[in-house]
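Peer 1: Those sequence lines, one after another, are chains Z and H. All letters in the first sequence, in the order written, are residues 1 to 301 by the working numbering. All letters in the second sequence, in the order written, are residues 1 to 311 by the working numbering.
Hint data in this document are derived by calculation from the structure and do not stem from the laboratory. All C-beta atoms, glycine included, are put in the ideal place defined by N, C-alpha and C. Each hint should be verified, as a subset may be incorrect.
[To be verified] When the alpha-carbon atoms are kept at most 25 Å apart in a straight line, the in silico DSS-like pairs for lysine-lysine are as follows:
(1) Z:K215 to Z:K154
(2) H:K277 to Z:K241
(3) Z:K189 to Z:K215
(4) H:K277 to H:K89
(5) H:K277 to Z:K154
[As the list claims (entries may be wrong)] The calculated label-pair distances, taken between Cβ atoms and stated as ranges, are:
(6) H:R26 to Z:L211: 49 to 59 Å
(7) Z:N155 to H:V232: 34 to 44 Å
(8) Z:P125 to H:R65: 52 to 62 Å
(9) Z:W37 to H:A207: 17 to 27 Å
(10) H:V125 to Z:V19: 18 to 28 Å
(11) Z:Q163 to H:P225: 47 to 57 Å
(12) Z:K48 to H:F276: 38 to 48 Å
(13) Z:A26 to H:V40: 46 to 56 Å
Below are the chains, spelled out letter by letter.
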Amino acid sequence: MHSGTTYTREVQRLTPGRVLAWALLAALIFVTLFPLWIVVKTAITHPKELFEQATVLFPTDPTLLNFRRALGMVSLEENLAVGGVANINFLTAMRNSVLFTLTIVVFQTFFSAMAAYAFARLRFPGRDVIFFLFLAATMIPGAVLFIPNFILIKNLGWLNTFQGMVAPFVLMTPFAVFFLRQFFLAVPKELEEAAYLDGATPFYIFWRIILPISKTPLVTLGILTTINTWNEFFWPWIVSKDNSLQVLTVALKMFQSQTPQGSPDWTGLMAATFLAIVPVFILLVVLGRQVVESLQFSGLK
Amino acid sequence: MEQVPETGAVQRPGRVASSWRRAFNREALTGWLFILPALVGFVLFYLLPSVRAFSISFTDWNLLRPPRPVGLENYEALLADPNFWHALKVTGLYVLFNIPLQTVLALLLAVLMDRLVRSIFVRAVVILPYLLSNVVVAMIFLWLLHPILGYVNVFLGLLGLERQPFFGSPDQALATVAGVNIWRHMGFTALLFYAGLQSIPRSLYEAAAIDGAGEWRMFWRITLPLLRPVTVFVLVTSVIGSFQIFDTVAVATGGGPSYATRVIVWYIYENAFQFFKMGYASAMSMVLFLILVAFTLVQMRVFRANQSDLS
């Protein structure tokens, strides 16, 4: 792809246009990264020095105090003494987010994969109609679904419960089923036929043959689902404003709106924001290539 | 599509029909068992709610008393509601602020990456904002654009320029929300364009270079035309997404100031969860659905027109 063709070599010369192109690219990357640096900078600024440090790009006296505050490791008195407005504890929210994301990613992927396998390989009456309905559902906007879904969860008595938060996501999404079915259709049938003749059950084939050879699409889908679930805000917000169940996005929003107008606890908030970014950042560092390729792929469905 | 392997018929002994039927029944049962969890999820959280939203839209319901059927009243009220039209206008404006600039910047970034650095590292950096939740992004920019302490205003001050209220002013809030979302989506959109660029044969550029074409000309004559299906896809999906803008508004502006950012989904949310007018909110969600269906139909049309163009 990027071998040294004549064309590539030719553009390697340093022309004014090329300098401009590099400058533009650098500018776009700078704009991308600069706000994140301000988060870090604010998070390591002492709350009492926020005003003096507003103009600098690196705090003269960096501190981890805000992280300790955000994780609830500081007493209320100490917190109020440094200008914090209330006790904040994002540790619980962090744990909730991890639990919420893991539960949804594991079950949604598994159940969607089972359905996708059936749609791709098994013949049963109604299959095509149901699959068509699944496909059509991808067009329904969230704004149509959230009112009836909220009412259903309310009638079940599941408001402010973990099951209420995960229920609409754990069993499937139309996209996941569609995505995996496309892949399963392309898997050669010989493997399954051999196993079938040996007397293997469909579930055994699915579990022992199909899932192991589908690692790549499963990882791709898993990454996309993890990112979306970790960042989900609206549904957890309307069904669980209860403190003990808040996920990070909801906790951040509640913390921000609870603080008095004009003077939120910015250093605490930025430390918490940083904590919300860290897991995603780790995902990107560890699985960089897969993340990039998954997202790149998400547009080509 | 599903088909019986040709060799299967030969291998099977005489009782083909009956064993085949048994296999089919077994297979059907297995099929249903395999889709059962997903089907339950689909019926409970997609199919029934869609039907229910439609029927709720013909009622007056505050969740406390039983729903009262009112026929088309909600839809009539909707058409006469200046706030609804205002919300539609604000949403349309938002899409206009958001999409053109975002698409152009993303395309620029994609071409620059394709031409200068194909490194996975640069692509990873560029999509970082997209991996952050809307809430986190709104929080970052509430702070960065803070009227007094925000770094952007500090910087404007250093340059001797006037400080700007951004989220705090009715004139700037909507454009600011759009700018924030451009920041979050630019890299991701660029990545989609980048993927599209990889499918353009390099030989075309080589041939054009031999003919003496410059970068600019190659962009307009080769890159842009061949990228058109990707562009259409990106435009339509991002317009549909942009039309449903909610999170940033919920966190950063709450629809204000002076309703300057009261977009359609925020207005639906307000009606449902602040005024408890479930019927009215559902009617509005149905109208939103129709608008988005219209977009999708346009997408399909344009796509079909494009496919022939590509081949």
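Peer 1: So which of the earlier hints does this model not fit?
Peer 2: 1, 6, 8 and 9
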